[in-house]
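For the record, the sequence lines run as chains A and B. In the working numbering, each number is its position in the first sequence, counted from 1, plus 5. In the working numbering, each number is its position in the second sequence, counted from 1, plus 5.
Hints are not guaranteed to be accurate.
The list treats identical chains as one, so a pair stands whether inside a single copy or across any two.
Keeping only pairs whose Cα atoms sit at most 16 angstroms apart, straight-line, the calculated EDC-like set for lysine to aspartate or glutamate is [to be verified]: (1) K243 <-> D267; (2) K318 <-> D422; (3) K82 <-> E146; (4) K240 <-> E54; (5) K214 <-> D51; (6) K441 <-> D87; (7) K240 <-> D51; (8) K441 <-> E103; (9) K175 <-> D144; (10) K337 <-> D233; (11) K240 <-> E59; (12) K243 <-> E59; (13) K82 <-> D275; (14) K154 <-> E34; (15) K25 <-> D149; (16) K25 <-> E341; (17) K440 <-> E103; (18) K373 <-> E59; (19) K311 <-> D218; (20) K214 <-> D29; (21) K344 <-> D267; (22) K311 <-> E59; (23) K129 <-> D379; (24) K214 <-> E104.
No wet-lab data here; the hints were simulated from the structure.
There are 2 protein chains.
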Amino acid sequence: MRTLLLPLAFFSISAFAENKPNYDEQFLEKVTTLRDHALTDNLAYDITESLTTEVGPRLGGSENDAKAVAWGEAKFKALGFDRVTLEPATFQRWVRGEETAEITAPYPQPLAITALGKSIPTPKEGITGEVVHFATLADLEAADPALVKGKITFISNRMSRQKDGSGYGKAVGARGTAAQVTASKGGIGTVIRSIGTDSDRLPHTGAMKHDHDVATVPAGALSNPDADLLINMLKRGKPVTLKYTLGGYFGDEYTSHNVIGDIIGTERPDEYIIIGCHLDSWDLGTGAIDDASGCGITMATAKLIKKHIGPLKRTIRVILWANEEYGLAGAKAYHEAHKHELDKHILGGESDFGAGTIYALGTRVDEKAMPLVDAVMALLKPLGIEYANNQSSSAPDLIPLRAAGMAVFGLKQDGTDYFDYHHTANDTLDKVDPKKLAQNVAAWVVVTALAANTNQDFGFGLSDKK
Amino acid sequence: MRTLLLPLAFFSISAFAENKPNYDEQFLEKVTTLRDHALTDNLAYDITESLTTEVGPRLGGSENDAKAVAWGEAKFKALGFDRVTLEPATFQRWVRGEETAEITAPYPQPLAITALGKSIPTPKEGITGEVVHFATLADLEAADPALVKGKITFISNRMSRQKDGSGYGKAVGARGTAAQVTASKGGIGTVIRSIGTDSDRLPHTGAMKHDHDVATVPAGALSNPDADLLINMLKRGKPVTLKYTLGGYFGDEYTSHNVIGDIIGTERPDEYIIIGCHLDSWDLGTGAIDDASGCGITMATAKLIKKHIGPLKRTIRVILWANEEYGLAGAKAYHEAHKHELDKHILGGESDFGAGTIYALGTRVDEKAMPLVDAVMALLKPLGIEYANNQSSSAPDLIPLRAAGMAVFGLKQDGTDYFDYHHTANDTLDKVDPKKLAQNVAAWVVVTALAANTNQDFGFGLSDKK
């Protein structure tokens with residue numbers, strides 16, 4: 006799906022006949038006033054608080070998945086959205102089980118572990134084996150299978166802290182494929198250092214690669230302090246034996262839903278500005294920064310626009326995506342269900358990087374639409390937001406639509422602390438600063454309102470040209 | 006024991022006949038050189054790493070208690086201490102069990118809980134009840150029993166962050182007596198907000214008051230984010246029902262040991278400068294800042310003095326105290342066993358406040374001994390250490406000896422972050438900065454060497470005069 010190419014005909018040159026923005030002054034003043042009002046508005050925080058308090062953990066396919074869908078539907082209605090729709094998204098669910106780990110020799114100690122999402126389970130009594138240590142995934146990949154056979158591999162690479170979160174992409178490969186690589190060399194299990202920047206005794210879960218027809222092993226993440234402890238024990242040169250139990254397993258098929266709230270456009274109701282968040286979360290925390298904050302930001306954005314400016318020319322569509330975390334199930338289902346009108350998806354963005362201050366706007370639009378981006382930037386700059394570049398990838402749930410050619414934008418948040426809490430029990434409401442959240446809403450209001458209130462286009466079919 | 010008064014005759018005026026320090030220049034130069042060397046010496050960190058890696062959690066009375074004692078004995082011998090002694094300390098052990106908590110209505114969510122040390126257990130199936138919320142212990146104490154009867158009390162007061170840790174004393178009363186106060190009003194259980202300054206999903210344990218003949222209830226601490234969540238749920242005005250299970254219970258009698266390492270004095274071998282740490286730890290972490298660091302600091306101090314200066318006039322006695330955490334068992338046993346020679350305990354200090362930089366020296370010595378303190382301060386000031394006052398209380402394990410009249414000192418550590426980790430699973434080696442630990446050793450070397458290498462006294466029997 007990610008490599009889908011659309012016929013060039015989808016790309017309409019005529020949309021750029023006039024590419025100088027034609028907003029009237031009164032509208033721009035209203036947007037400016039709302040932007041400034043949003044900086045002290047609490048709605049995004051209240052929505053975030055509501056989802057984390059009244060639902061909490063909401064792993065795709067869990068009992069709380071359905072509660073989250075019901076919450077989203079009720080919240081959209083309570084906020085006065087014009088149309089609320091549930092669209093099914095079906096996937097095989099993965100269910101977490103009991104999780105324990107201990108070093109049994111030479112110095113017995115309990116360790117904090119969590120299963121990687123989509124891991125197969127260990128036998129009920131756990132697995133026990135000698136640990137073989139690799140600094141990186143590449144080292145494991147290069148290892149002689151004789152070193153790995155019958156052992157538990159341990160990858161200890163630590164991700165680096167960066168404002169833009171770029172340390173994540175460099176480290177997360179170990180989470181993805183350590184299990185399959187270990188199995189291919191005859192290993193019996195794998196544990197990785199958590200993909201996180203903290204030093205808390207709370208391991209980071211997250212999806213791993215799983216193919217039902219490829220050999221794999223039960224895979225867990227150790228908290229950073231536990232990975233340090235294991236390294237210190239290994240340094241002594243004696244064999245270290247690890248025992249762990251992971252109960253997670255694949256269950257039956259489950260149908261969740263994308264929850265869609267529309268503020269219907271006055272002139273072009275069938276053209277959509279797509280914003281939103283993912284509604285599911287990992288199950289260890291309450292999913293506050295990942296991604297209740299994104300729901301708060303984008304639901305508040307649409308609501309405030311409707312309340313303070315009124316409906317605009319195009320439909321503002323807020324999508325609370327289903328099961329982003331282990332399959333992009335909602336993203337795929339939406340793409341499939343809306344295949345006949347993909348070119349009506351004018352511009353899309355998703356808020357899915359926590360609750361930090363926004364410092365930059367990235368886009369991926371046709372060059373001819375840059376005057377529109379300039380108009381947006383004129384209103385974003387007073388918020389301390391710079392323009393990044395025109396190669397933005399937006400966020401995961403927009404991958405299928407972007408691949409299909411939809412123009413996207415990304416409001417880049419300061420992610421310096423994001424990976425301290427990401428996918429851990431520590432992802433809780435106290436990590437969300439209401440003021441920073443409000444700054445996000447101010448920025449989303451600007452982009453969303455300007456994109457929705459023009460007849461001009463951002464280009465479609467860009468994937469053809471890359 | 007804490008109110009023991011000794012006859013005035015124990016207090017020897019003659020010891021102050023000459024109260025101007027009589028250190029020779031060569032000795033002071035050696036101390037200065039060692040102080041500066043200690044700033045880059047790794048021994049304290051290595052000892053801390055060894056105890057946390059090779060033993061780890063070591064709750065009094067647990068299997069690891071005995072391992073820690075064996076570790077201490079072996080480590081003293083390996084470091085070349087002149088005499089290593091084990092002295093028994095017997096207590097009724099408390100054993101942690103399974104711990105779970107969940108809000109069952111109106112919005113079911115799991116919570117992170119841990120039993121307070123010495124709590125009674127819940128029934129195996131847990132207890133379930135409506136939560137009644139009090140901001141402080143005082144509010145609970147003042148409450149009408151009708152409000153509490155049949156309910157689970159919740160005290161939500163949050164401790165404040167202070168360099169000197171003074172927020173702890175103000176908040177910890179809730180941990181001590183919430184259970185007994187709740188029981189006295191007919192409540193069925195109590196949960197408190199963790200006594201800690203962090204926002205991590207890791208609850209803080211710690212001892213509560215328990216008297217076998219006073220009614221009590223099962224008592225747990227919720228992590229700070231969970232206390233926040235519970236408050237947010239209560240704000241909605243609907244009854245909130247909590248279910249929790251705490252398996253901790255009192256077991257049989259257990260005999261642990263104080264582990265004592267002496268560097269025997271050349272001129273006054275039966276006079277002791279007492280330094281040390283507590284060897285036990287709570288069981289949730291590896292007891293790195295509480296109190297392996299203190300063991301590292303004080304064991305390294307004595308070892309470095311012996312190695313670089315040689316034995317001094319008095320005996321330097323390093324005591325690794327048994328079961329400080331829930332009973333001061335080692336402190337009481339030592340006081341009892343050494344009743345006949347308490348006045349030979351010239352000066353005492355304990356390192357039990359983590360691994361932060363030392364910023365001040367406090368003492369509790371006879372005023373006539375202040376010239377000795379001045380001599381110490383002359384060597385401490387270059388380390389950034391100021392003099393605090395002469396009302397120091399030192400640390401918990403010295404309470405019986407101090408009450409008996411022993412002069413004490415306290416090298417005050419920056420505790421700004423200490424209560425982020427204290428008594429949690431997060432008390433691990435990564436929280437210890439080797440450089441700060443080395444600064445501690447430098448300071449302890451100064452105080453210990455100067456106190457051990459004089460014939461002069463610090464006063465004994467001070468408790469009579471207060």
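So, going through the hints one by one against the coordinates:
{"no.": "1", "hint": "K243 <-> D267", "result": "neither (62 angstroms within a copy, 32 angstroms between copies)"}
{"no.": "2", "hint": "K318 <-> D422", "result": "neither (38 angstroms within a copy, 53 angstroms between copies)"}
{"no.": "3", "hint": "K82 <-> E146", "result": "neither (51 angstroms within a copy, 45 angstroms between copies)"}
{"no.": "4", "hint": "K240 <-> E54", "result": "between (45 angstroms within a copy, 12 angstroms between copies)"}
{"no.": "5", "hint": "K214 <-> D51", "result": "neither (35 angstroms within a copy, 40 angstroms between copies)"}
{"no.": "6", "hint": "K441 <-> D87", "result": "neither (28 angstroms within a copy, 60 angstroms between copies)"}
{"no.": "7", "hint": "K240 <-> D51", "result": "between (49 angstroms within a copy, 13 angstroms between copies)"}
{"no.": "8", "hint": "K441 <-> E103", "result": "neither (36 angstroms within a copy, 39 angstroms between copies)"}
{"no.": "9", "hint": "K175 <-> D144", "result": "within (14 angstroms within a copy, 52 angstroms between copies)"}
{"no.": "10", "hint": "K337 <-> D233", "result": "neither (39 angstroms within a copy, 36 angstroms between copies)"}
{"no.": "11", "hint": "K240 <-> E59", "result": "between (47 angstroms within a copy, 12 angstroms between copies)"}
{"no.": "12", "hint": "K243 <-> E59", "result": "between (49 angstroms within a copy, 12 angstroms between copies)"}
{"no.": "13", "hint": "K82 <-> D275", "result": "neither (20 angstroms within a copy, 82 angstroms between copies)"}
{"no.": "14", "hint": "K154 <-> E34", "result": "neither (68 angstroms within a copy, 59 angstroms between copies)"}
{"no.": "15", "hint": "K25 <-> D149", "result": "neither (61 angstroms within a copy, 71 angstroms between copies)"}
{"no.": "16", "hint": "K25 <-> E341", "result": "neither (34 angstroms within a copy, 90 angstroms between copies)"}
{"no.": "17", "hint": "K440 <-> E103", "result": "neither (38 angstroms within a copy, 40 angstroms between copies)"}
{"no.": "18", "hint": "K373 <-> E59", "result": "neither (45 angstroms within a copy, 65 angstroms between copies)"}
{"no.": "19", "hint": "K311 <-> D218", "result": "neither (49 angstroms within a copy, 65 angstroms between copies)"}
{"no.": "20", "hint": "K214 <-> D29", "result": "neither (50 angstroms within a copy, 71 angstroms between copies)"}
{"no.": "21", "hint": "K344 <-> D267", "result": "neither (19 angstroms within a copy, 81 angstroms between copies)"}
{"no.": "22", "hint": "K311 <-> E59", "result": "neither (25 angstroms within a copy, 62 angstroms between copies)"}
{"no.": "23", "hint": "K129 <-> D379", "result": "neither (59 angstroms within a copy, 65 angstroms between copies)"}
{"no.": "24", "hint": "K214 <-> E104", "result": "neither (20 angstroms within a copy, 33 angstroms between copies)"}
Checked against the numbered hints above, the structure breaks hints 1, 2, 3, 5, 6, 8, 10, 13, 14, 15, 16, 17, 18, 19, 20, 21, 22, 23, 24 and satisfies the rest.
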